[in-house]
Amino acid sequence: MIFRKSLTKPLLKDLKHSFRSGAALPALFSLMILFLINNYQSLKSYMQQAEEYRTPGYRYFFSDLIYSQGILVVLLFAFGVLMGVSAFNFVNSKKMSNVFFSFNIKRKDLFVNRCIASVSYLFLGVLLPMLAVLLINNHYLGFEGVILVPWFYLVVAMFSYALIGFSVAVLAAICAGSIFESALYSLIFLFSPTILLYGADLLLGTFLQGFPVINSVSSGMGYAPRIISTEVGIQNQLGFLNPFTFLDTGADSGSYMGGSWLTALAKANKGTAIDVGITQYWPIFLWFGISALFLFTAAKTLNARKAENAGSFGKNRAARGYSVTILSIFAFCFMASKFGQQRVLAIALSVLAFFAVYFILEFAILRSFREVKSGLIKLPIVLGVLLCVLAIPFTGAFGYGKKLPDAKDVDKIYISHLSQNNLFFEGAEYGTAYGPFTSQSDIAMLLDLHKTLIEQSSAFDSKFPSEDSDERQTGYYVQYRLKDGTSINRYYPIEGETLQNAVIKVADSEYTKQSLKEYFLMPYEELQTKINGFYENGKDPYSLGAEEYNIFSRLNAYSQFSSPESLSNLYLIAKNGRQTGGALSQYLDDAGMNALKQCILNDYARLGAQRVLFPQDRVLGAIVFNGYFYSQQRSQEITITHPDYSSAIDFMYSSRAVQVTEDMSETVAFLREKDLLKYFDSDLKIVGAGIVQVANLADEMQRKNYAWYFGKESSMFAPIFYDISQYGDWQEHLKGMGMEIKTNGEETARLFSNADMTAYPQPDGYVVQFVFSDNSTIALYVPPEKMP
Amino acid sequence: MIESKNITKRYGDFTAVEDVSFRVEPGSIYGLIGYNGAGKTTLLKTLAGIYRPEEGTAMLGGEDSFNSNKVRDRLFFVPDDLYFLPGATMRGMAKFYEGYYPRFSMKTFEKLSSFFGLDTKKRVRAFSKGMQRQAELVFALASHPKYILLDEAFDGLDPAKRISVKKLFIEYAAESGCSILISSHNLPEIAELCDHVGIINGKSLIVNTSVDDVSRDYRKYRILFNGEVDKLLFEGIAYKQMSIENQLAVFTARGDIKEINGRIAAMQPVSVDEVMLSLEEVFMYEMEDKEHDISEIFN
Chain A
1 MIFRKSLTKP LLKDLKHSFR SGAALPALFS LMILFLINNY QSLKSYMQQA
51 EEYRTPGYRY FFSDLIYSQG ILVVLLFAFG VLMGVSAFNF VNSKKMSNVF
101 FSFNIKRKDL FVNRCIASVS YLFLGVLLPM LAVLLINNHY LGFEGVILVP
151 WFYLVVAMFS YALIGFSVAV LAAICAGSIF ESALYSLIFL FSPTILLYGA
201 DLLLGTFLQG FPVINSVSSG MGYAPRIIST EVGIQNQLGF LNPFTFLDTG
251 ADSGSYMGGS WLTALAKANK GTAIDVGITQ YWPIFLWFGI SALFLFTAAK
301 TLNARKAENA GSFGKNRAAR GYSVTILSIF AFCFMASKFG QQRVLAIALS
351 VLAFFAVYFI LEFAILRSFR EVKSGLIKLP IVLGVLLCVL AIPFTGAFGY
401 GKKLPDAKDV DKIYISHLSQ NNLFFEGAEY GTAYGPFTSQ SDIAMLLDLH
451 KTLIEQSSAF DSKFPSEDSD ERQTGYYVQY RLKDGTSINR YYPIEGETLQ
501 NAVIKVADSE YTKQSLKEYF LMPYEELQTK INGFYENGKD PYSLGAEEYN
551 IFSRLNAYSQ FSSPESLSNL YLIAKNGRQT GGALSQYLDD AGMNALKQCI
601 LNDYARLGAQ RVLFPQDRVL GAIVFNGYFY SQQRSQEITI THPDYSSAID
651 FMYSSRAVQV TEDMSETVAF LREKDLLKYF DSDLKIVGAG IVQVANLADE
701 MQRKNYAWYF GKESSMFAPI FYDISQYGDW QEHLKGMGME IKTNGEETAR
751 LFSNADMTAY PQPDGYVVQF VFSDNSTIAL YVPPEKMP
Chain B
789 MIESKNITKR YGDFTAVEDV SFRVEPGSIY GLIGYNGAGK TTLLKTLAGI
839 YRPEEGTAML GGEDSFNSNK VRDRLFFVPD DLYFLPGATM RGMAKFYEGY
889 YPRFSMKTFE KLSSFFGLDT KKRVRAFSKG MQRQAELVFA LASHPKYILL
939 DEAFDGLDPA KRISVKKLFI EYAAESGCSI LISSHNLPEI AELCDHVGII
989 NGKSLIVNTS VDDVSRDYRK YRILFNGEVD KLLFEGIAYK QMSIENQLAV
1039 FTARGDIKEI NGRIAAMQPV SVDEVMLSLE EVFMYEMEDK EHDISEIFN
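Those protein sequences? They're chains A and B, same order as listed. All residue numbers for the first sequence refer to the numbering used here, where the first residue is 1 and numbers rise by one. All residue numbers for the second sequence refer to the numbering used here, where the first residue is 789 and numbers rise by one.
It should be emphasised that the hints constitute simulated quantities derived from the structure, not laboratory data. In this text, a Cβ means the ideal position worked out from N, Cα and C, and glycines have one as well. Treat the hints loosely; a few may be bogus.
The calculated lysine-lysine pairs, modelled on DSSO-like cross-linking and capped at a C-alpha distance of 27 Å, are [what the hints assert, rightly or not]:
#, chain 1, residue 1, chain 2, residue 2
1, B, Lys934, A, Lys106
2, B, Lys934, B, Lys949
3, B, Lys917, A, Lys94
4, B, Lys1008, B, Lys1019
5, B, Lys910, A, Lys95
Chain B side only, calculated, beta carbon under 7 Å to chain A, not exhaustive [stated by the list, open to error]:
#, residue
6, Ile838
7, Ser856
8, Arg860
9, Asp861
10, Tyr871
11, Gly875
12, Tyr1073
Which chain B residues face chain A? A few, computed with CB under 8 Å, are given here [claimed, not checked]:
#, residue
13, Gly837
14, Tyr839
15, Arg840
16, Pro976
17, Ala979
18, Tyr1027
19, Leu1036
20, Phe1039
Using the sequences and the accompanying hints, generate a full structural model.
Below you can see the structure in the form of structure tokens.
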């Protein structure tokens, strides 16, 4: 017989086959990535405004990726996972494994060929759309060498996501018996770090006092540990081990790469050179290594794989055991944190949850009690490890919660709070930093507060402010930046008197006084220029602890001044809600405005925070700094407007109000001198008032923790702010609200005189709804000691 | 030579094949028969190097087929469940196999395709089951293998094609010295095609002999006695399918026929009819324990 010897060696043939059979997916994904990067709107915008973008600024199309980072990452993972599952689908198909395993090719070679083909496609799938982006950029905006640095970084970063997805999927596919099982294992493998790190945060956030992650499971705020700062929490600190976050955390979270790996590209705006150095690459290199490890394990697993497992489910003991155990561990952590307030119950239920999930999943997969039983041997070990882990926070984690730095080692301190309302020393969001406190006295004051909290913290059941509590409470987060470059981060619940004292001390701190002064007196243009500078230089103003953030933080002093332009105009509001219309700045020139601010500053400094925040003297009215609503109005005369209920809410909600009390002598004198004090007076007659104690009102609204809901921005006041004229008989209406009605002129006048416009209500304080002769109404707060 | 050396294959706790040993000599065609689930496919896949045996060794030409991939370039395994690349024509599949089998001959492929009347430009997955089976056999023979393993090779083939296929295999084995192992339920075909046969009876190989010798140890007896017959009379003879009616005893026996005949003669029967068994009858004799009393099913 004559044979024509084929020139194609089986190995090369297999490689060729791998390339040929795996071409469809990358082509599809490449197109999807291309369309995602170059979304139509962006392209259109760039094309239309190419000239503008070209000079003097310089933008790149892919900077818009920052807005679609989530989708892009999912797409890249999906790309990798599908490539992996599809390349190694043959091991899960009886038909295909019959063919490929009977060929003259080692399993190792089958593996390598598919990896070479798939990884090449993954790289091309990312590179080609990115090349297209580069060409489009150059076509419309001209070539700039600077673009290549972030461009290359983006290509490598995108490829790393796809590679991770691929390597995980390959391992999963080789462990699995079907495509469904491959996909399932891929998901579990990919999410394992998230589950474990999240579980650790849940456990530590629940049981370890001082740990700066709050388990909010029992807070009604949703089932997630709330991370206060990007620098704390197991998820953040070990985020580089999580395939979903490894580029977000990076090596240096303080750098501009922190927070978002695509942030780097956004900073490519306006031609700023991008310094993507080795520190930005190391998480990528780390995951290249981890991916290689996955692939190495997959190759070994393929070599040992039983071909008869094709078409089966749950046959790979290691993969099945790992997956089931991971899910059981999560059940353990979740249950432990869910019932964290009752520790014994928490342990019992978490052990139960662990076993329940384990058995249910094992039985669902194996459907044989005998087989489930044979795998039980490892359970006590896993459970023992879990209980040991749990014992760490239970026993205080070797003094973690009680550690207090030495004052001489502290360089500066940032603090923040955790509450739903904008009470006290706060920023615009949870965990926004307030600080740095650097003076010796401020450091000593905060260390003293910390010490008090350590002594009190064991008394709290929950680490998160609870709406079921009758106490005013919030969370106190402190970050010490030590002189040696390290930092200590702690979180404690803070409530009642301690909280009030803390608020007053912080408001009286040197830092706050200095911040307020600087903020009040710094010219607006200078402030605005400074702020714009941060953005232009590509600094992230929202990363905690960044030096530049200081200025943002200072804007929030006394909480109400959160925007610089808010001080560019003002209006006056009387206690009955009548307010001046038009821009008072027409009557106060810059010098006059500054003089008024200086008066307020002087009064605040002289009175101290106690008397400013909890006024004892009569409240006359309020100066509201509001640059938003009236800056365009140029009326020549001051008019008095009749506020409807919504503007009253606005006042309580978002205005930057300075409540003027009689003891603010300089401010009062200034207003009198400028003949502005008269706008605090009104001849509107009070016809009656409805009184309700805050605690009762809280009950009425089914909210026990008044502090939670009754900040000065609380919308819980809204129901009693309604224009009551629509209800006909106002007395009946207010009675219906559970209020006691007063119509005696003397009584109501005394109540009105004693009422405060802004307040931090206490349960034994009162909300009083005044009704005026024109049927208008306003709700004010009367502290218990001022109740006639 | 294909050789199964004490192969044991387990799926978890279940033993599919236990301690099976046999050989398929060069140029020989070996028929492996057994009921459904007896372990035939497992044995074939183990011999093809697809499955790793728990014990024993699957040898092809003296080399371990699982661990030595080199020997597999002379092996073609035709599984029961055929696989063709999505969208591939016969020619495309031939190109595919040509890459993997160094001795694959396109010339042989064309000749065989024409022999079977298969359109090489048509997508294989669009073929009927029988045509797909023919196509796979074309690929197998065009690869010029030294070892062919065929699982239910004749399934779906029409009688004419069966005859052709049998002729092809006999011719190929004789000319190339190829060892061919066929598993099948079709006993007459096995008897006709194979020179050796093995019966696998749930785990073990209970018969392993040449087709010519398969009936040597089996006889069907019809014995007439003078008076009433008692079963006890036949103690010491390995009989099955025994029926006694008055003076007539009918049964099948396996063993040393000379000795059995001696025992029967000692019973002083009136007459003895002795018939050799066909392969099918041997198979049924061996499978008897697995049979159910059908009449019981609907009662």
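Verification of the hints:
Pair hint Lys934/B plus Lys106/A holds up; C-alpha atoms about 19 Å apart against a cutoff of 27 Å. Only pairs whose Cα atoms come within 27 Å are accepted, and Lys934/B paired with Lys949/B is accepted, the gap being roughly 23 Å. With a C-alpha separation of about 18 Å, the suggested pairing of Lys917/B with Lys94/A holds against the 27 Å cut-off. Straight-line distance between C-alpha atoms of Lys1008/B and Lys1019/B comes to about 16 Å, which keeps the hinted pair within the 27 Å bound.
The hinted pair formed by Lys910/B and Lys95/A meets the criterion: a straight-line CA distance of about 21 Å does not exceed 27 Å. Taking 7 Å as the C-beta cut-off, the interface hint given for Ile838/B holds, the closest approach to chain A being about 4 Å. For the restraint placing Ser856/B at the interface with chain A, the shortest Cβ-Cβ distance is roughly 10 Å, beyond the 7 Å limit, so the hint is violated. Interface restraint check for Arg860/B: the shortest CB-CB distance to chain A comes to about 4 Å, inside 7 Å, so the restraint holds.
With a least beta-carbon distance of about 3 Å to chain A, the hint placing Asp861/B at the interface is held under the 7 Å criterion. Evaluation of the Tyr871/B hint against chain A yields a held restraint, the C-beta minimum of about 4 Å falling below 7 Å. A distance limit of 7 Å between C-beta atoms decides the matter here; for Gly875/B the minimum to chain A is near 11 Å, and the interface restraint is violated. The closest approach between the C-beta of Tyr1073/B and any C-beta of chain A is roughly 31 Å, which is over the 7 Å cut-off, so the hint fails.
For the restraint placing Gly837/B at the interface with chain A, the shortest Cβ-Cβ distance is roughly 6 Å, inside the 8 Å limit, so the hint holds. Because the closest C-beta pair between Tyr839/B and chain A is about 6 Å apart, less than 8 Å, the hint holds. A cut of 8 Å between beta carbons decides the hint on Arg840/B: the least distance to chain A is about 7 Å, and the hint holds. At its closest, the beta carbon of Pro976/B sits 27 Å from a beta carbon of chain A; the interface hint therefore is violated under the 8 Å criterion.
Interface hint status for Ala979/B: violated, as the beta-carbon distance to the closest one in chain A is roughly 27 Å, over 8 Å. With its C-beta approaching chain A no nearer than about 39 Å, Tyr1027/B sits outside the 8 Å limit, and its interface hint is violated. Hint status for Leu1036/B relative to chain A: violated, with the closest Cβ pair at about 50 Å, above 8 Å. Hint status for Phe1039/B: violated, given a least beta-carbon distance of 41 Å to chain A, over 8 Å.
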